[in-house]
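Asker: Sequence:
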Amino acid sequence: MTKLKIGFIGLGLMGAAMVERLQSKGYSLTVMGNVSRPRIDAAVAAGAVEASTARAVAEVSDIVMLCMDTSASVEGRMRGSDGVISGLKPGTVVIDFGTSLPASTIALGEEVAAAGCAYLDGPLGRTPAHAVDGLLNIMCSGDEDAFEKIRPVLEDLGENVFHLGKLGSGNTIKLINNFFGMTTASAMAEAFAMADQAGVSRESLYDVMSAGPLRSAMMDFVKAYGVDGDASKLGFSIRNASKDVGYYRQMSTDLGAKSIMSTSTSEAFTTAVDQGRGDSMVSEMVDFFSENLTK
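When the letters of the sequence shown are read in order and numbered with our numbering, they come out as residues 12 to 306.
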């Protein structure tokens, strides 16, 4: 069976890892990147063709994949005379792997449908290292026939591939998931900082907390830095956390709801970014709280 031709836009850490995986599985790729020239060069060296516009990517692809940082970035690549939508052939499937606002996803879906194509959202769980090995969690939603068409490709990228219902459901679930995760992480980071203020050891605090029902992988990620000094266990930046919690709050507003719990989480991450910590990892919020509890 002939493999579908894939266009991939956005070769950041995750996108480049996904492209590497797809190339290892024998897919033909046309790529377009934003920032990192070395990642584009590596993909081209492995057989990918580089395109100069998103329209050119769409014109030669059966599937167009986007892996970008914000909804605004996705919209910028999708719309306009050089955008993906302008180059789509009928029957093409477009999938956004980023964590985007559901309202933006739904609006783009309508525009893609008007071009005779299907738009899916498929936000990701796990890390670039998992992507290289095809072990991502993919939270896909949208037209079920389109999902089934590209399912074999998704299963080459992910260990756990979900279809979660109508378009936007994947991003909705991802934003709720990330709100919960980042709230847990920031609470654990403050707990370590408060232990310092009280004169008890972080390790003792962790030993007690982890012996009960509070134990979680997120607790262990923050402990890896807060106690052991290893920030690499949770490869997610404070800037991305701030963005995702902000999107969660925007989603709640769009739904006519009021989020109570996210207020403090959002304030913590936004302030940390404003203080120049955006490129630090989420587990390093321990340092943020250590410095700000007494201000």
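Keep in mind that a hint or two might mislead.
As the list claims (entries may be wrong) - Derived pair list, reagent style DSS-like, types lysine-lysine, alpha-carbon separation capped at 27 angstroms:
#1 K160 with K16
#2 K244 with K177
#3 K254 with K306
#4 K14 with K36
#5 K100 with K160
#6 K16 with K177
#7 K16 with K100
#8 K244 with K269
#9 K160 with K244
#10 K160 with K36
#11 K16 with K36
It is worth saying that the hints were derived from the structure and are not from the lab.
These figures come from a predicted structure and were not determined experimentally.
Asker: Decide, hint by hint, whether the structure agrees.
Answerer: Structure-based check of each hint:
1. Among the hinted pairs, K160 with K16 is consistent with the structure: their alpha-carbon atoms are about 13 angstroms apart, no more than 27 angstroms.
2. Only pairs whose Cα atoms come within 27 angstroms are accepted, and K244 paired with K177 is rejected, the gap being roughly 33 angstroms.
3. Pair hint K254 plus K306 holds up; C-alpha atoms about 25 angstroms apart against a cutoff of 27 angstroms.
4. Distance hint between K14 and K36 is fulfilled; the C-alpha atoms sit about 10 angstroms from each other, no more than 27 angstroms.
5. Distance check on the hinted pair: K100 and K160 sit about 15 angstroms apart at the alpha-carbon level, within 27 angstroms; holds.
6. Between K16 and K177 the CA atoms are separated by roughly 25 angstroms; this keeps the pair inside 27 angstroms, and the hint holds.
7. Pair hint K16 plus K100 holds up; C-alpha atoms about 12 angstroms apart against a cutoff of 27 angstroms.
8. Annotation: proposed proximity of K244 to K269 is violated, straight-line Cα distance about 32 angstroms (limit 27 angstroms).
9. Proposed proximity of K160 and K244 is contradicted: the alpha carbons are some 35 angstroms apart, above 27 angstroms.
10. Distance hint between K160 and K36 is fulfilled; the C-alpha atoms sit about 17 angstroms from each other, no more than 27 angstroms.
11. A hinted pair counts as satisfied when its Cα atoms are at most 27 angstroms apart, and K16 with K36 qualifies at roughly 12 angstroms.
Hint compliance for this structure: hints 2, 8 and 9 are not met, and every other hint is.
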